[in-house]
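For the sequence shown, full-length UniProt numbering assigns the number 1 to the initial residue and increments by one for each residue that follows.
Some hints could be false.
Here are the simulated DSS-like pairs of lysine-lysine, each with C-alpha atoms no more than 27 Å apart in a straight line [said to hold, decoys possible]:
{"hint": "1", "residue 1": "Lys-386", "residue 2": "Lys-323"}
{"hint": "2", "residue 1": "Lys-831", "residue 2": "Lys-752"}
{"hint": "3", "residue 1": "Lys-844", "residue 2": "Lys-752"}
{"hint": "4", "residue 1": "Lys-386", "residue 2": "Lys-412"}
{"hint": "5", "residue 1": "Lys-831", "residue 2": "Lys-790"}
{"hint": "6", "residue 1": "Lys-477", "residue 2": "Lys-412"}
{"hint": "7", "residue 1": "Lys-386", "residue 2": "Lys-790"}
{"hint": "8", "residue 1": "Lys-386", "residue 2": "Lys-272"}
{"hint": "9", "residue 1": "Lys-412", "residue 2": "Lys-272"}
{"hint": "10", "residue 1": "Lys-844", "residue 2": "Lys-831"}
{"hint": "11", "residue 1": "Lys-752", "residue 2": "Lys-778"}
{"hint": "12", "residue 1": "Lys-323", "residue 2": "Lys-123"}
Calculated from the structure, these hints are not laboratory results. Quick caveat: nothing in here was measured; it's all calculated off a predicted structure.
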Amino acid sequence: MNYHERDAGAVDLTNCDREPIHIPGAIQPFGFLLALTPGWAIERAANTEAYFGSPARGLIGKSAADIFQPTAVRLLRERIASLRGDDSVERMFSVRLISDQPLFDVAVHMSDRLIILECEPAKGDEIEVSSMVRGMVARLGATEQVGSILREGARQLRMLTGFDRVMVYRFDPDGSGEVVAEALEPGVDSFLGLHFPATDIPQQARALYVRNFFRIIADIDETSCPIEPIEAMPPLDLSMSLFRAVSPIHIEYLRNMGVRASLSVSIVVDGKFWGLFACHHYSPRLPSFAERSASELFGQMFSLLLGNALREETSAYEDRARKISDRLMAAAAQDVDRLNDAEWIGDLVLEAIPADGVAVSIDGESSLSALTPASDDFDRIIDELKQREISQVFTTPRIADIVPNAERFAHKAAGLLAIPISRRPRDYVVLFRAEQLRAVRWAGDQAKNIEYGPNGPRLSPRQSFEEWSNLVRGEAKPFEHHEIRVAEALRTSLLEVVLRLTEAASEERRRAGEQQKLLIAELNHRVRNILALIRALIGQTNRESVSVMDFVGTLDSRVQSLARAHDQLTAEQWGPGHLHDLLTTEASAYLSGEAQRLVIDGPDVTIAPNAFTVMALVFHELVTNAAKYGALSDSGSVHVGWAMDDDGNLAIDWEETGGPAVQAPERRGFGTTIIHDSIPHELGGEARVEYRTAGLRAHFVLPGRHVAGIGEGNSNRTENRAQAQDHGALIAGRHVLLLEDSALIALDAEDKLRELGAAEVTLASTNAGAAAALDSGKIQLAMLDFNLGKENSLPTATRLMEERIPFVFASGYGGDDTIPSQFDAIPVILKPYASQQIAQAIAKLDPDNPPTGD
Numbered sequence: 001m002n003y004h005e006r007d008a009g010a011v012d013l014t015n016c017d018r019e020p021i022h023i024p025g026a027i028q029p030f031g032f033l034l035a036l037t038p039g040w041a042i043e044r045a046a047n048t049e050a051y052f053g054s055p056a057r058g059l060i061g062k063s064a065a066d067i068f069q070p071t072a073v074r075l076l077r078e079r080i081a082s083l084r085g086d087d088s089v090e091r092m093f094s095v096r097l098i099s100d101q102p103l104f105d106v107a108v109h110m111s112d113r114l115i116i117l118e119c120e121p122a123k124g125d126e127i128e129v130s131s132m133v134r135g136m137v138a139r140l141g142a143t144e145q146v147g148s149i150l151r152e153g154a155r156q157l158r159m160l161t162g163f164d165r166v167m168v169y170r171f172d173p174d175g176s177g178e179v180v181a182e183a184l185e186p187g188v189d190s191f192l193g194l195h196f197p198a199t200d201i202p203q204q205a206r207a208l209y210v211r212n213f214f215r216i217i218a219d220i221d222e223t224s225c226p227i228e229p230i231e232a233m234p235p236l237d238l239s240m241s242l243f244r245a246v247s248p249i250h251i252e253y254l255r256n257m258g259v260r261a262s263l264s265v266s267i268v269v270d271g272k273f274w275g276l277f278a279c280h281h282y283s284p285r286l287p288s289f290a291e292r293s294a295s296e297l298f299g300q301m302f303s304l305l306l307g308n309a310l311r312e313e314t315s316a317y318e319d320r321a322r323k324i325s326d327r328l329m330a331a332a333a334q335d336v337d338r339l340n341d342a343e344w345i346g347d348l349v350l351e352a353i354p355a356d357g358v359a360v361s362i363d364g365e366s367s368l369s370a371l372t373p374a375s376d377d378f379d380r381i382i383d384e385l386k387q388r389e390i391s392q393v394f395t396t397p398r399i400a401d402i403v404p405n406a407e408r409f410a411h412k413a414a415g416l417l418a419i420p421i422s423r424r425p426r427d428y429v430v431l432f433r434a435e436q437l438r439a440v441r442w443a444g445d446q447a448k449n450i451e452y453g454p455n456g457p458r459l460s461p462r463q464s465f466e467e468w469s470n471l472v473r474g475e476a477k478p479f480e481h482h483e484i485r486v487a488e489a490l491r492t493s494l495l496e497v498v499l500r501l502t503e504a505a506s507e508e509r510r511r512a513g514e515q516q517k518l519l520i521a522e523l524n525h526r527v528r529n530i531l532a533l534i535r536a537l538i539g540q541t542n543r544e545s546v547s548v549m550d551f552v553g554t555l556d557s558r559v560q561s562l563a564r565a566h567d568q569l570t571a572e573q574w575g576p577g578h579l580h581d582l583l584t585t586e587a588s589a590y591l592s593g594e595a596q597r598l599v600i601d602g603p604d605v606t607i608a609p610n611a612f613t614v615m616a617l618v619f620h621e622l623v624t625n626a627a628k629y630g631a632l633s634d635s636g637s638v639h640v641g642w643a644m645d646d647d648g649n650l651a652i653d654w655e656e657t658g659g660p661a662v663q664a665p666e667r668r669g670f671g672t673t674i675i676h677d678s679i680p681h682e683l684g685g686e687a688r689v690e691y692r693t694a695g696l697r698a699h700f701v702l703p704g705r706h707v708a709g710i711g712e713g714n715s716n717r718t719e720n721r722a723q724a725q726d727h728g729a730l731i732a733g734r735h736v737l738l739l740e741d742s743a744l745i746a747l748d749a750e751d752k753l754r755e756l757g758a759a760e761v762t763l764a765s766t767n768a769g770a771a772a773a774l775d776s777g778k779i780q781l782a783m784l785d786f787n788l789g790k791e792n793s794l795p796t797a798t799r800l801m802e803e804r805i806p807f808v809f810a811s812g813y814g815g816d817d818t819i820p821s822q823f824d825a826i827p828v829i830l831k832p833y834a835s836q837q838i839a840q841a842i843a844k845l846d847p848d849n850p851p852t853g854d
């Protein structure tokens, strides 16, 4: 029985999904491919004759180190060592691979155990493209609305690539998509507003788009080049390949559209495949390697900006909805019976979640308002929700999918969103949406013809791309994700009302809501500042970069420096940061266990948060320069000292000794600008840098208004740490009880306790489990999560006090107004757990005189 006979009756829309597009066995012919073993022997090859004068089979078994220039071999080995995982690709521009041959642009990645090299003749235009990307990002950053970002993104990518049509293609929840923005060559037909079925992008292609953000098809009429040897070898996985040959089904798809070349860039928002830049050209087109690399980088940055804009829109909507929820809470708390009034609920809820009707079912009693099913039909819907034990917000655009014969009232209620308002699946507020009769403009008939190809039966792409419409019946407009989130918030609020929470709890909710708004406002402010700073870093770093890879590496190190400074500030609850910690953290990446090479001498100074990130960038550039060219690049050392001067300002001196001879830079790059200008320009201070042959010296003056506090001295700070470590010895060798209801958090905390020296850690998730552990008589120390879900840890804390066993609390809310006053003497660790926080809290305990609560 052959393949055709076996599968002839099983053709469906999954045929395209089963096509093995990641192992086509061939590449596009605009470059050559070599697959090397770890020992650099050539195991596979394709399209080599034009470059090596030898067909691919003639290179099998030879060593790549023998046919490439020695300098190229060293560069390739360095880049291979830099690969960070299976989905990592390193790119190199204008490399002299072969003598008497032009320069090549090279991409290298790993495929299983093999090293994949993809090489094409270089065009040498990466510097111009890099400048273009900077301008593109700047223009994108000037837009705020989602629609404007989509349109500008399409326009910018078309300007970069020169394709006839650039579309922004957004996916719907069902996998189908719509063209929501486009940029066109004059005279090219518009696809704006057209829908495409989910089958146009098979599942395995979607998975590849999330791994490999970029795809180029230079000419669908060119013959692909087979990867030799073909026989007796497992297929080569080309998932991360830049040259991967094109599926015959996809070639047919493009040919039916009249397209000769295409380019795709993934749009991934919050880790999800949001959409796609789809570029079409009606003649062959191959942008340069640098242009393609820039397009991929632009797509990633576009995804970040789009994600931020989407979140801002959602946040604004949810803020309005939160105010409506507060009004509903306030009114219902005074008169719970009003929850039975569907009209009253509708007047409030429908402002936040648009719908055509509202119905309520509480304790078997129903109330309906506006467009809803009849009372009997509504009861059938409620019975179905109870049988399904719907205890969370539930939505469907087609009630007929869950309730038989629901089509007959679809003109009034075709879709629903059910909000449970009781702990058991019993009481519901249900929003209804009427049938949405809508014409969907599809790009061609969705039907695909069954054909028998070389791989057996499959579905061929649509033969026509003329606009084709159909009418959707019996279906409502789906409730969107942000509307569902609002419904979940309403559910929480209504549950509290139904359960008649106390007046104290209502006050706590109000305070929590105000605090949340303040936190959101503060977060928005800080995020905008960070984005503005990163945009500035991108622009300035680009000016001094000589290649895309140099740009990415330098930018990454500077952003990492900001991240480290942010971590230090958040560890202090966004309070002032320690200058000593800032220096040691920045230098730790370069010292590799030789901390003595950084000598710090000065009092324990803390810097205000607004100045801390500026100082972080300055010290990052100083440390990086010292590691690349100065004292830390050799066997030298760096001495940093500071003191308060007579004017109340902080004077800081940086001196490098023992390193290579220092020369002043020939040009002033962005790093040098940061060192010279950041403190004077942003903080109103002073900066003086001397490039002495014996070592770089720098002197900075930080105005006193940015100094938050000053201790007795660095030696005392070290002594205080040593004392904390001595107190931390209370953990060493002890049997610790950890009471925590979250399994993942408990395992993480257990690891940290063992790192701090605990001999044994017993985990418990309830007071009953903790009591069993205490009954063993082995517990010597305890750490208690205060909130255990349905209970708190006060019973265990009380027993520990009675038995005089030292313990600390842990809480995600803080100790204020949370833990009873009788436990005021007990240290509280704020979640998430950190080793330093745990050690500091336990250091406050007195093992010889634990609190008794008296």
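Hints, one by one, checked against the model:
no. : hint              : result
1   : Lys-386 / Lys-323 : violated, 30 Å
2   : Lys-831 / Lys-752 : holds, 13 Å
3   : Lys-844 / Lys-752 : holds, 18 Å
4   : Lys-386 / Lys-412 : holds, 23 Å
5   : Lys-831 / Lys-790 : holds, 19 Å
6   : Lys-477 / Lys-412 : holds, 13 Å
7   : Lys-386 / Lys-790 : holds, 24 Å
8   : Lys-386 / Lys-272 : violated, 33 Å
9   : Lys-412 / Lys-272 : violated, 35 Å
10  : Lys-844 / Lys-831 : holds, 18 Å
11  : Lys-752 / Lys-778 : holds, 20 Å
12  : Lys-323 / Lys-123 : violated, 58 Å
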